[in-house]
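Just so you know, the sequences run in chain order U and E.
Residues 1 to 178 in our numbering are what the first sequence spells out, letter by letter.
Residues 1001 to 1388 in our numbering are what the second sequence spells out, letter by letter.
Note that these hints are calculated values from the structure, not bench results.
Treat each hint with caution, since some may be false.
Stated by the list, open to error - Partial pick of chain U residues on the chain E-facing surface, computed with a CB cut under 10 Å:
1. G30
2. R32
3. A33
4. P39
5. L92
To be verified - FRET-style restraints, in silico, Cβ to Cβ:
6. L162(U) to V1385(E): 50 to 60 Å
7. S1375(E) to V66(U): 29 to 39 Å
8. G88(U) to V1022(E): 22 to 32 Å
9. A1271(E) to V66(U): 57 to 67 Å
10. D1162(E) to H24(U): 45 to 55 Å
11. T14(U) to R1006(E): 37 to 47 Å
12. A1114(E) to A114(U): 55 to 65 Å
13. A1008(E) to L162(U): 26 to 36 Å
14. T141(U) to H1011(E): 26 to 36 Å
15. D153(U) to G1182(E): 27 to 37 Å
16. A114(U) to R1149(E): 42 to 52 Å
17. R167(U) to L1308(E): 41 to 51 Å
Since the model is a prediction, treat every value here as computed from it, not as a measurement.
We put the CB at the ideal spot given by N, CA and C, even for glycine.
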Amino acid sequence: MSRPALYGLLAEFTNPTDLVAAVHKAREAGYRAMDAYTPYPVEEVAEALHVHDRRLPLIVLIGGIVGGCAGYALQFWTSTIDYPINIGGRPLHSWPAFIPITFETTILVAAISAVLGMLALNGLPTPYHPLFNAPRFALATDDRFFLCIEATDALFDEQETLRFLQRLEPRSVSEVEP
Amino acid sequence: MTESVRLAPDHRLSRLRRPALVVGVVGAAALLLGFAVSREHFFQAYLVAYLFWLGIALGCLAVLMIQHITGGMWGAAVRRLLESATRTLPLLALLFLPLTFGLGDLYEWARPEAVAHDPILQYKQLYLNVPFFLARAVFYFAVWLVVARLLNRWSLAQDADDDPAIAIRMENLSRGGLVLYGLTMTFAAVDWGMSLDPHWFSTIYGVIFMGGQVLSAFVFVIVVAALLVDHPPLDGVFTADRFHDLGKFMLGFVMLWAYFALSQFLIIWAANSPEEIPWYLRRMQGGWQYLGGALLILHFVLPFIVLLSRDVKRRADTIAAVASVVIVARFLDLFWMLRPASAVYLSMHWLDVAAVIGIGGIWMWAFVGQLAERSLLPLHDPALVIER
Chain U
1 MSRPALYGLL AEFTNPTDLV AAVHKAREAG YRAMDAYTPY PVEEVAEALH
51 VHDRRLPLIV LIGGIVGGCA GYALQFWTST IDYPINIGGR PLHSWPAFIP
101 ITFETTILVA AISAVLGMLA LNGLPTPYHP LFNAPRFALA TDDRFFLCIE
151 ATDALFDEQE TLRFLQRLEP RSVSEVEP
Chain E
1001 MTESVRLAPD HRLSRLRRPA LVVGVVGAAA LLLGFAVSRE HFFQAYLVAY
1051 LFWLGIALGC LAVLMIQHIT GGMWGAAVRR LLESATRTLP LLALLFLPLT
1101 FGLGDLYEWA RPEAVAHDPI LQYKQLYLNV PFFLARAVFY FAVWLVVARL
1151 LNRWSLAQDA DDDPAIAIRM ENLSRGGLVL YGLTMTFAAV DWGMSLDPHW
1201 FSTIYGVIFM GGQVLSAFVF VIVVAALLVD HPPLDGVFTA DRFHDLGKFM
1251 LGFVMLWAYF ALSQFLIIWA ANSPEEIPWY LRRMQGGWQY LGGALLILHF
1301 VLPFIVLLSR DVKRRADTIA AVASVVIVAR FLDLFWMLRP ASAVYLSMHW
1351 LDVAAVIGIG GIWMWAFVGQ LAERSLLPLH DPALVIER
């Protein structure tokens, strides 16, 4: 089999409410391989698409715990084992003084894990994506809301899916070249 | 525009009113008995309990002003709960009066025989003397009462009239009002709390009080909102998203409390100077250290870990359960900060319990009464959306 003729069909909506309604109808119709594109996060869309990806919060949690433990361990090791100094007669293992840095390293590693984990799970950076072949898709960064039903879906049929999308009364439907 | 919705007389919150008054009256009677039996314990217990309930009302005033400035659906949804709490301030001003009879019992600087032998207290008399203390208290209450009264009056005017100028007026008053709250509460915390140990000082003390008050306000509002979710049409307002918002605030202020508390501790611990460290030494022995440890768990570690979960924050019953734990922790925090000034060993007198329940009963009675006075939702708040 050669390359599929299409990446998918892209429907354009002018507001998030219509997009959410369209996603619900598409799911009811049985479509699964689809994604939505909005200028800003719309939580209802993620719910309607049944995106249940909990991997990123877990990565951030693990990053935070690792950062906190590493920050504390670093201070413990430097001030009690590697280079012990008597500071005003305080114990070498002065935990209250270690807390601010432990907090900072917790946040630091959690934040870095969030960014890197997000990029890894997104598959970014992606030098080429077929969606950008659709000229109107650039409006997804402005004021339009898009639903793309992808050709890999089991129910996908160029004519049938096109009619289905048109019944949702979008502003436009365009074919996305692969 | 939202339709006016009154608290239903058969709602569980309304039915709470009478038992609250009974508890309050019984508690007041117990307090009177306690005053006769043990005058010293009475005033110490009363001060902690009073500052706990005053903290909820003042925290609500602060959050009310914050939401007038920031806007947002979370603020519009709980605005009437916050306003009702601020309308208990006249009652709280009245409840301050008993304390004025016990200044000599509570504060070393108010006992002339103690001041006579203490050069430091003699220097501090310029600020710490009874007439000036009372005048300052009058001033604080005057500021809080005026701000609360204006915000409540304009809010009622907004119900009758959708003139957008009213919202702008409330917003502008809130800007100045928050500054005034910051200043008055800093001095009030110094007067009523810090001066229990008149030799000791900490510049972040007032901020710890304010952070705690705002946290108290959020947990209180969360519990009341959770009680109101079955009250139509509030079920369309106190949605999972609203509890999520309030839960995030609660998580933020739990962390802020830990930040303030550690800031004070770390600086005093690091300096280890004889003027400052006795405050902590006193609270690290005689049983107080166990209460301090419990505070660390109940006021920070436990709510922090539990509130990281999104699902906990979005469900009314789970977030209210966490809020209830933090409310108890708020009282224990004040108890741990204030009570060791007069007690070397950790102990809870029956008057401590009677005071917090007695004042609380009367306060809850007043709060629910105020809540029933007006529509549970502001009528012309542009931020308010009811989900059907």
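Going down the list of hints, with the structure as the test:
1. The beta carbon of G30(U) is not positioned within 10 Å of any beta carbon in chain E (closest approach about 28 Å), and the interface hint is therefore violated.
2. Below 10 Å, beta-carbon pairs count as interface contacts, and R32(U) has none with chain E, the closest being about 24 Å; its hint is therefore violated.
3. Restraint check, A33(U) versus chain E: the minimum CB separation of about 27 Å is more than 10 Å; hint violated.
4. Against a cut-off of 10 Å between C-beta atoms, the interface hint on P39(U) is violated, since the closest Cβ of chain E lies about 20 Å away.
5. At about 15 Å, the closest approach between the beta carbon of L92(U) and any beta carbon in chain E exceeds 10 Å, and the interface hint on this residue is violated.
6. One distance hint, 50 to 60 Å for the beta-carbon pair L162(U) and V1385(E), is violated here, with the actual separation near 35 Å.
7. The hinted window of 29 to 39 Å between S1375(E) and V66(U) is violated, with their beta carbons roughly 51 Å apart.
8. Restraint check, G88(U) to V1022(E): a C-beta distance of roughly 57 Å breaks the suggested window 22 to 32 Å.
9. Hint check: A1271(E) to V66(U), Cβ distance near 33 Å, so the stated range 57 to 67 Å is violated.
10. A beta carbon spacing of about 34 Å between D1162(E) and H24(U) contradicts the range 45 to 55 Å that was offered as a hint.
11. T14(U) and R1006(E) have their C-beta atoms about 40 Å apart, which keeps the hinted 37 to 47 Å range intact.
12. The supplied range of 55 to 65 Å is met by A1114(E) and A114(U), whose beta-carbon atoms lie about 56 Å from each other.
13. Roughly 53 Å separates the CB atoms of A1008(E) and L162(U), a value that falls outside the hinted 26 to 36 Å.
14. Checking the proposed 26 to 36 Å range against T141(U) and H1011(E) shows it is violated: the Cβ atoms sit about 48 Å from each other.
15. Range check, D153(U) to G1182(E): Cβ separation about 58 Å, and the 27 to 37 Å hint is violated.
16. Take A114(U) and R1149(E): their Cβ atoms lie about 46 Å apart, and the range 42 to 52 Å holds.
17. Between R167(U) and L1308(E) the beta carbons are some 43 Å apart, a value that agrees with the proposed interval 41 to 51 Å.
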